[in-house]
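Working from the sequences, and respecting the hints, build out all of it.
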Amino acid sequence: MNRMVALGLLLLLAAGCKTDQGQPPAISYKIELVKDVNAGVIWSLNFGPDGRLYFTDRDQPSVELSALDLASGNVTTYASSAVVRDEGEGGVLGLELDPNFAANKKVYICYSYWKDGDSSAEDNARNRVSSFVISGSGLTGEVKLFDDMLGWWNHNGCRVLLSPDKKYLFITMGDAAGAPSNVPGEPGDSQKAQSKKLLAGKIFRVHLDGSIPTDNPFYNDPEVPGQAKAIWTLGHRNPQGLAFQPATGKLWSTEHGPDKKDELNLIKPGYNYGWPDCMGTEIAPCDRPDRQPYQPATKEYYSNSTIAISDMTFYNADTFLAWKGSLFFVTLKTGRMYRLELSGESLAKEELIIGNLNDQAGPYGRLRDVTVGPDGFIYFSTDDSKIYRIVPDSQ
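Taken in order, the sequence shown gives residues 1 to 395; the numbers are from the UniProt record's numbering.
Hints in this document: simulated from the structure, not taken from any laboratory.
Where a beta carbon is used, it is the ideal one built from N, C-alpha and C, also for glycine.
Nothing false has been slipped in among the hints.
Ranges of calculated distance between the beta carbons of each label pair, as one might list FRET restraints:
hint, residue 1, residue 2, range
1, Pro180, Ala317, 44 to 50 Å
2, Asp148, Pro258, 23 to 29 Å
3, Pro164, Ser137, 29 to 35 Å
4, Asn304, Glu186, 31 to 37 Å
5, Asn304, Gly365, 20 to 26 Å
6, Asp116, Ser346, 46 to 52 Å
7, Pro392, Asp148, 45 to 51 Å
8, Gly51, Pro180, 43 to 49 Å
9, Asp148, Asn220, 19 to 25 Å
10, Ser394, Gly73, 19 to 25 Å
11, Pro289, Gly117, 41 to 47 Å
12, Glu223, Asp118, 26 to 32 Å
13, Pro184, Ala361, 43 to 49 Å
14, Glu186, Gly325, 38 to 44 Å
Below, in silico cross-link-like pairs of lysine-lysine (BS3-like), each with a Cα-Cα straight-line distance of 25 Å or less:
hint, residue 1, residue 2
15, Lys260, Lys299
16, Lys144, Lys196
17, Lys144, Lys105
18, Lys268, Lys197
19, Lys105, Lys167
20, Lys268, Lys196
21, Lys333, Lys349
22, Lys105, Lys166
23, Lys229, Lys250
24, Lys324, Lys268
25, Lys324, Lys349
26, Lys349, Lys30
27, Lys166, Lys268
28, Lys250, Lys299
29, Lys349, Lys299
30, Lys166, Lys144
31, Lys229, Lys196
32, Lys197, Lys144
33, Lys167, Lys268
34, Lys268, Lys250
35, Lys250, Lys166
36, Lys115, Lys144
37, Lys299, Lys333
38, Lys386, Lys333
39, Lys250, Lys349
40, Lys299, Lys324
Spelled out as structure tokens, the structure:
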């Protein structure tokens, strides 16, 4: 371990391993630098059955997927010919592996692109989810599964998550900020999130081949056209965290607020999450009939500031037994990692694992993604191309 990493560990153990109430955590841990990839924003992490850590780099001109061998430290990159709209928050985003990945090498990737290849107007900004197959040193056989989601230079989502039964993909998409509507008569501002005709500000559910399940909540609504029948929930600003709770099968999400009120949400099919009319735990004015059924946030962070919550995961391993069943999420603006214990639909306990409430930067910068490895360690990535892990402190 080099001196800078050792110093980071000391800073973390001195300042970060405390609860919001200033009490030490129940277990002892430390942070290790796994790999400095020396690339762009490591947006999505996903362990494969081969033990390698697969990840996307947002800032690539074409869709690429990389795999880190933890034993050797070697990174293998698989490139495709799919051209990326690599502007602002757009790029190569969410990643999921097929249930039969060990045999078929299929992956699902959300990426940003220009409609018809035309980058002359921001109105052409789009996002899509495609499947690819790892073949040799490349990503081949692109199949465009869910296309034409509205994009902008920011608020592009886009997390991709396999359902526990391995039958569906859940996809988060932001409200595409200033993007105009591409459906006549529908709003072109943040109210896009409230339109059941627009592919923005939503969470979608599709089959693994991109077809739309007939039991989706709006599938039989005659006012909801085509691809919009994939809507699972609406009224989202920019949801970037998505995870199923192993003990209950419930789906949870985290969402960016504007300058305050980032959200932790319990996702219920067909529900409206309020944006832009309501934020956080607000009830009014979303208690009106045209916003029903409305679901306020389980918790907001915070009433007067934002921490910019990115991804989340549930801990279901045995390495840290005291944490089993806990929800972990990471933040961009404050570089923190939170651990939450849930009780039903409520928050029972909260603890800061990285960072502290007085630190607006954090010892590791902007934390982008978090996942649990087959070794039971907690891995997280940063916007400056680094991958770290939380391991037991044996000292």
